[in-house]
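Engineer: The primary structure of each chain is shown beneath.
Protein chains: 2
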Amino acid sequence: MKKVILVIIDGLGDLPTPKTPLQAAKIPNINRLAKDGITGILHPLDRFVVPGSDTSHLAILGYDPSHFYTGRGPLEALGLGIQLNPGDVAFRANFATLENGKITDRRAGRVDSATAASLVKYLPKKIDDVEIIFKSSVEHRGALVLRGQGLSSSISETDPHISGEIHQCVPLDNSPEAVKTAAIVNKFTELSVKALSTANENKNRQKKANALLLRGAGEFVPAASFYERFELLGACIAGGALYKGVASFMGMDILMVSGGTGDKNTDLVAKAKATVRAVQGYDFVLLHIKMCDSFGHDGDFEGKKAALEKIDKIIPILEETGASIIVTGDHSTPVSLKAHSGHGVQILVYGGERYDDVKKFDEISCAQGGLGHISGKDIIPLVLNISGKAKKQGS
Amino acid sequence: MKKVILVIIDGLGDLPTPKTPLQAAKIPNINRLAKDGITGILHPLDRFVVPGSDTSHLAILGYDPSHFYTGRGPLEALGLGIQLNPGDVAFRANFATLENGKITDRRAGRVDSATAASLVKYLPKKIDDVEIIFKSSVEHRGALVLRGQGLSSSISETDPHISGEIHQCVPLDNSPEAVKTAAIVNKFTELSVKALSTANENKNRQKKANALLLRGAGEFVPAASFYERFELLGACIAGGALYKGVASFMGMDILMVSGGTGDKNTDLVAKAKATVRAVQGYDFVLLHIKMCDSFGHDGDFEGKKAALEKIDKIIPILEETGASIIVTGDHSTPVSLKAHSGHGVQILVYGGERYDDVKKFDEISCAQGGLGHISGKDIIPLVLNISGKAKKQGS
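Sequence lines, in order, name chains A and B.
Residue 1 is where the first sequence starts when you use this note's numbering, and the numbers rise one by one after that.
Residue 396 is where the second sequence starts when you use this note's numbering, and the numbers rise one by one after that.
Do not take every clue at face value.
Below, computed lysine-lysine pairings styled on DSS-like, alpha-carbon distance capped at 25 Å [as the list claims (entries may be wrong)]: (1) Lys377(A) to Lys787(B); (2) Lys360(A) to Lys430(B); (3) Lys338(A) to Lys784(B); (4) Lys786(B) to Lys377(A); (5) Lys602(B) to Lys582(B); (6) Lys414(B) to Lys733(B); (7) Lys194(A) to Lys121(A); (8) Lys35(A) to Lys360(A); (9) Lys359(A) to Lys755(B); (10) Lys421(B) to Lys19(A); (11) Lys397(B) to Lys668(B); (12) Lys733(B) to Lys338(A); (13) Lys397(B) to Lys338(A); (14) Lys397(B) to Lys784(B); (15) Lys430(B) to Lys19(A); (16) Lys516(B) to Lys602(B); (17) Lys668(B) to Lys421(B); (18) Lys359(A) to Lys754(B); (19) Lys755(B) to Lys19(A); (20) Lys397(B) to Lys602(B); (21) Lys520(B) to Lys530(B).
Taking beta-carbon pairs under 8 Å as the criterion, some of the chain A residues facing chain B (in silico) [unchecked claim]: (22) Phe48; (23) Val50; (24) Pro51; (25) Thr55; (26) Arg72; (27) Gly216; (28) His343; (29) Glu363; (30) Gly372.
Please keep in mind that the hints were generated in silico from the structure rather than gathered at the bench.
Where is the CB? At the ideal position from N, CA and C, for every residue including glycine.
All chains should be built: construct the whole structure from the sequences, respecting the hints.
Structural biologist: Set out below in structure tokens:
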């Protein structure tokens, strides 16, 4: 009846150049768990397939993304604490800078969170019969929800991703729902640009936060909860809205940790201590740590290496719980590629499992591990097996 | 954004007696790629399932044979440059020797290619409303296509495979299409035997090429192209018609290499040099090398070993491209069995992937490799991941 702590180090996996950041890092605590535990390579989706963070977390937590994933939007909205209704269409949103009809900064100079929150009051609350809910989060980030009858997420994005004009939203099928939703989005873009451009908060800003770019449209379809499906009482500790949204989607409790920001300066010790407290009351605690992914995207080898060394230092705090500890990632973000890749991610399981001959936790060593190659969908059965909550199949 | 060269050594895998041909061969270049790259075992179809060359190539190239394979015939016909229409029924054909109503040589004494080509003019061009297209290739080999309304490939073969009478073609279901097609095939057999038996070209031949044996009936069903499906610009370099047919089925460009015959004396250096040129213009180059399979079927250990040593010598030519190089086979053809088998095939990936501790490319060493056991369907995701053309699943 062991409790299980699942530590997901976002973007953990890498490629050798000639060493990987994990090979170069001093991580004595994690290596000790690898030595005393069992290791392997995790393929969150299929072999060599490049996962997003959203689809990977869904897969690892037992929610097959081919069935449960409709887009990033609903997960972002849930992560910001917006209660969604079935049929809501949600988007990830960015405040951006529009000058002479062109987006010149997709993040509006990383507008501060307080200004962004203050700008929300200018946005339209209703267009035709559709209610509009917007919530800002950290810096330029936010989520938009459209609520009303006959909406569809089968529409294109307005975010140009690179600089350029805001894209027109177009329906991706011929349904009246898609046509209606695209029209609402375009009206929202027009009205919000107009209102934000004259906002007081933007008057003295060099990079005005005068446009909202939308992407990741998804329709909210509720699902049976993590507890209903697996009879595991689960809690999530994460900084980023997306990860909190994934947990919220599954009805897991979310522990908001002061200083656990989800960025490169997150307070890892605070998150580890919160994990220790959570283990008292929950069967399963997901501890998500974002920063390695950010360093991977920036191509910052030394940053990723230092982040791993920081993470290593909290391992003894987690060990005190006596819980089984699983350490893995949601995908590889090799610093040499500055992007997610389809290379598998190393995994170790310490407690409640066997051991193997592997003594180091890195991409090359774990490929020799006793777990072999496993899939995202294998993780919850692994957790259930360790926790003694697995149901025997047959008799 | 690496280019990828996929070298398929037909029938590569073997069994130890007590060494395998690969273990016995001097292959310093391939072993170097194995040492610096990552290795594993490939199961083209399912574990322990015996693949054909056709189904294996389809699987490895991302065309699930359970969906895309209707029979060997259409692939052979396409490989001979016959343009197929949807609904055409195609066969692999052999010129054979018929004496006193019995087949005494299934290959008509390996009739020379020029004589075979000259014999084609005697064959019927139409039976009832069905157009008949025949093309000869190397020696006794050829392909037959039936074109017309209401045909079916659900019919039996006429090839007795061992000596004996030419088999009657019978419908394998009760459909009028199968009944009609079987009748056409039997009429074709009768008319072609009659015409070939009196042909001038056969007058002085000891083993007359006076019959055509048909097998591998398949209906041509067109499929979306390799480029449409994977956005990889692909080229194929192969001698045998079947492999060119597989590539043609996928709409890949085929590079005809002078001297690249697909038999035991193929000009490997010419094929390697053509591969180097192809890499300039294509994302993905399939280099197919047949000879190991032929030696396997002949039970010729020394021949297979020598062929592997020949193949080893072209590796440095391929390396000059800077492309990622994948070396594998389409199935095992153990010399001790003289037939295809369901033993997995070794694979190495050099460039764009990690490395492992394996230092030799053979059946035993690669089973310890960092890739573990992979399937044919994993190869295109692997190629896409290396080439940077993989689409992220989720965000």
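Engineer: Looking back at the hints listed earlier, which ones does the structure fail to meet?
Structural biologist: Hints 10, 12, 20 are the ones this structure does not satisfy, whereas the remaining hints hold.
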